[in-house]
Amino acid sequence: MFARPLTPPRPAVLLCVLAMVSACSTPAASTAPTAPPALATTTPTTAAVVPTSEPTCSPEGAANPDTTPPDQVKGNLSVFDWSGYEDPGFWTDFNKKYKNVDVKFPAMGASDADIYNGIKTGTNTSDVFHPYTGWLQFYVDEGLAEEIDTTKLKNWDKVPESFKALGRFNCKQYFVPWDWGFSSIVYRTDKIPKIDSWAALLDPAYNGHIMMWDDGPGAVTVSSYIHGWDETAITADQLAQAKTEWTAVLKANPTTWAGEPDLIAGFKTGDVWAGYAWQSAYATLLPDLPMAYADPKEGRNSWVGVYGIRKGSPNYDLALRFLDEKLGAATGEYLVNTWYFGTSNADVIAGITDPTLKKAFSVNDPSILQHTNFTPNLTAAQRDAWIAMWSEAKIAAGS
Amino acid sequence: MIRRGSGRTTDPRRRTFLGLALPATLALTLFLVAPLVLMVTLSFRPELTSDLLGPFAPTLKHYEQAASVGGSWQLLQTSAVMAFVVAIVATALAYPIAYFLAFRAGSKAGLYLILLLVPFWTSYLLRVMAWKLMLGNAGVINSVLVGTGIIDQPLTALLYSRATVVVTLIYVWIPFATLPILAVLGRIDVRLHDAAADLYASPFQQFRRVTLPLSLPGLAAAFLMVFIPTIGEYVTPLLVGGNAGIMFGNVIQDYFTKSANWPLGSALSVIMLGVTLVLVVVGLRVVKPRRLLGQ
Amino acid sequence: MTTLARSTAAASHPPRRPRRWPSVLSGFYWLLILLLYVPILILFVFSLNAGTSLAFPLKGFTLNWYAKLFDTPALLDAVRTSLIVAVGSSVVATVLGTMIGILLSRFEFRGKGLLTGLAVLPLIVPYVVLGVAMLILFTAFDIKLSMATVVIGHAIVGLPYTTLIVLARLVGSEPQLEEAAMDLGATYPATLRLVVVPMAMPAIISAWITAFTVSFDEFAIALFLAGPDRTFPVYLYGQLRFSNSLPVLIAAATLLMAGTLTLILVADRIRRR
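So the protein sequences, as listed, match chains A, B and C. At position 136 of the first sequence the residue is numbered 136 (this note's numbering), and the sequence of numbers has no breaks. At position 41 of the second sequence the residue is numbered 41 (this note's numbering), and the sequence of numbers has no breaks. At position 73 of the third sequence the residue is numbered 73 (this note's numbering), and the sequence of numbers has no breaks.
No lab work stands behind these hints, which were simulated from the structure alone. It is possible that part of the hints are untrue.
[Said to hold, decoys possible] With the Cβ distance kept under 7 angstroms, some of the chain B side facing chain C (calculated, not the full set):
{"id": "1", "residue": "16"}
{"id": "2", "residue": "179"}
{"id": "3", "residue": "180"}
{"id": "4", "residue": "186"}
[Unchecked claim] Under the rule of at most 25 angstroms between Cα atoms (straight-line distance), these lysine to any residue pairs were calculated in the SDA-like manner:
{"id": "5", "chain 1": "A", "residue 1": "191", "chain 2": "C", "residue 2": "52"}
{"id": "6", "chain 1": "C", "residue 1": "59", "chain 2": "C", "residue 2": "70"}
{"id": "7", "chain 1": "A", "residue 1": "104", "chain 2": "C", "residue 2": "229"}
[As the list claims (entries may be wrong)] One-sided excerpt, in silico: chain A residues whose CB lies under 10 angstroms from chain B:
{"id": "8", "residue": "113"}
{"id": "9", "residue": "122"}
{"id": "10", "residue": "137"}
{"id": "11", "residue": "138"}
{"id": "12", "residue": "208"}
{"id": "13", "residue": "215"}
{"id": "14", "residue": "216"}
{"id": "15", "residue": "217"}
{"id": "16", "residue": "254"}
{"id": "17", "residue": "255"}
{"id": "18", "residue": "262"}
{"id": "19", "residue": "390"}
{"id": "20", "residue": "394"}
Ideal Cβ placement from N, Cα and C applies to all residues, glycine included.
Hey, can you work out the whole structure from these sequences and the hints?
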């Protein structure tokens, strides 16, 4: 009764609109098919993409990492991360290399809102923080993030260009991408032979057996895929329609999931046949149950977690080193093998041998990646409206 | 009451009064009143900023928005009703436990009481997850019922419903509700029972005429202790209520954790606080605590 | 209220109460105990289960989770923090609650209703709101988050419980003993110390136990106010998003409970000697 519930670790994805991405990308094409996981930068067919007049960004400078011996680097670093990420496995490269740096996690967030609120109100004065795509524009607009000198990152060249572009605004690099994954529908093939559209989540045929993620922006994103709406311009009518549909889904099914363990337990007890899920749930369930991870015709969704340096942090140099080591191989492997999340270190992804994980990350099927969707930036008004819609749907479902 | 006059000019206990009152008042003002005042002012701020003590232009837009969220009033009412049911039943069921501990357990009463409370030193989150295992469609209860042939299909309403929330809350609150009742029962002089028995009162009459009236302050305390926080409860509905068992507290929690809209969350909290205060005032008028508290 | 009119009692005593009363009550008590401990039993079973999710069927016996538990310093630190915070905040809440209880039951003064309302107010405010409000307070005045801030938060949260419990006890008690003490020359503080507090001691202990229990598993406020040292529920919550951690957490929780139970039983044994 005194505990707080589980909230999802990452919200709906966002990415610069295609035009901005391609405009800011270097001449080395972002759609190079040979670099896994080259996240495709195409958007759903019906999205009207308006090219901006962003100038092409100048190419990045040559890598020029510091050569100070690690043992001579001393200091304190504070990190504002999601609960659980203080686990040394998630920064093992930094931990092993810089023995004289003291890393602290003074406060933990449980949602992007937490992290944003903490940095914005100044209640959190950590040097480094970990938001997800969908929430990045606010930090840049409000001057809360430092520009990152990528020439000092020796691991920067292992990051695919499309990922780099996610953290770039106005041709300045503000964020270093770190973890990523898909959102799609995971389902039991013994109950549902095949799912090839997001509309399956609304299908009354599966009433009582669908588990949706408890997240407003996530729900609106799914609705926009199903109906082919422009996510940058969801109208009030469209939002109302989404609310009606989701209220019906909530009424017809017992519950939603706030944390992956809930979803996994739901599948294992046999109650859940299909659910909105990240690939980590798929990888966890695959050994035990006949599962499939859908490739909907509207395209999967993808999200990326990034690290930024708080503006005004006195430990810029240390923070940069921390970010660099976050991209390290051991850290990446921990992320992939223990938690089934993707890393932006492309070498690590290319080196995956486990067949379950290969399936989870669709390493062998580039066509999936090519029509994976990224949602555009959320404005504060949109975010509030979408959260309000979901809240109202839940209230209506409970009455 | 001690009739030695008020704590004003001539009361020799004045120094004690100050010694008692100052720390309590200071603590409450600094750490309860000030934060709440700050929160109320936050609900009138146009948006969240880094300067929380500075001036701002007050606005009512968050309250307008809160009022316009469809169905929320009804949800608030439903939550209050649920809280009321939980409080009444939990207090009623706690009474026999407290009675048992006070009059029947003898020297083992302390031990039995601790036995009752030890589960609360296990994580509530985990305990409720285990509770879900018992209530689910493939859970222990359903497996037993279906397996023995009492029913054909598992009872789906055991989990993820409003009833689940109410039952779980009652179950969780009973041990806590026992404490104030026990504290009061403990001071009932057992000789009063003997006297009643000597006067040929049946056990039931003894209970109704002696024990029950003397324990009313404890019952009132227990009821309030359960009723008031349960109106704002959100964890249990989130864990076992599913889509049907949502309570008003969940709405507030959503706004504080999923959105950056703290001013709106504050406005919702102020509304709920207001309603709860009204309920408490009304309730206190009905129950007449001054008489209960012997004033 | 009946008087102690023993003199009117007849020579023969009325029949003893029927024997069935004790067993119904104790049966009820044990039924509740059963209901409380069954989920814990289930948790215990799963702490020995080789699988990582909380669902049947069981996957095989293992003691690995318990071993891993002691290999996780963060978890052990979290438990230690929880204990320190719970003891600190419950003591503060009990002391303050007793003070307020005495004030409300033994004194007349103008702000009485206000004080009562304030003492009970934390119960009305949702914990998430209280947590945010206190966080705002500490931020506005540049107070860094630490164990102390959590202790303050939990003390405020426990205060209504301690006040109500002690008050309920003090209110019904007759003040004659105190008046007698003062008539015999004791100062009021001495009277409080030697008469009132000992008389209310069962309630005070009850209040302290309640405040301790409230604090130990409290999460909503601890999450907002915790500094570098996190309490066990906050740590637990952070780990719960990762399904792989679940068994170790369950092992920790069952061990904590088993430890507490053992301590109690041992203390009881000692007390009885």
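Evaluation of the provided hints:
1. 16: holds (5 angstroms)
2. 179: Status holds, d = 5 angstroms.
3. 180: holds (5 angstroms)
4. 186: The hint holds - residue 186 of chain B has a Cβ within 7 angstroms of chain C, the shortest such distance being about 5 angstroms.
5. A:191 <-> C:52: Within the cut-off at roughly 23 angstroms; holds.
6. C:59 <-> C:70: Distance ~23 angstroms between residue 59 of chain C and residue 70 of chain C Cα, so the pair holds.
7. A:104 <-> C:229: holds (10 angstroms)
8. 113: holds (5 angstroms)
9. 122: holds (4 angstroms)
10. 137: With Cβ-Cβ at 12 angstroms, over 10 angstroms, it is violated.
11. 138: Nearest chain B Cβ about 8 angstroms off; hint holds.
12. 208: Given a least distance of 8 angstroms, the restraint on residue 208 of chain A holds.
13. 215: Where the cut-off is 10 angstroms and the nearest Cβ of chain B is about 7 angstroms from residue 215 of chain A, the hint holds.
14. 216: holds (7 angstroms)
15. 217: Holds: closest Cβ of chain B sits about 9 angstroms from residue 217 of chain A, inside 10 angstroms.
16. 254: Interface hint status for residue 254 of chain A: holds (4 angstroms vs cutoff 10 angstroms).
17. 255: holds (4 angstroms)
18. 262: The hint holds - residue 262 of chain A has a Cβ within 10 angstroms of chain B, the shortest such distance being about 9 angstroms.
19. 390: Since chain B brings a Cβ to about 8 angstroms from residue 390 of chain A, closer than 10 angstroms, the hint holds.
20. 394: With Cβ-Cβ at 6 angstroms, under 10 angstroms, it holds.
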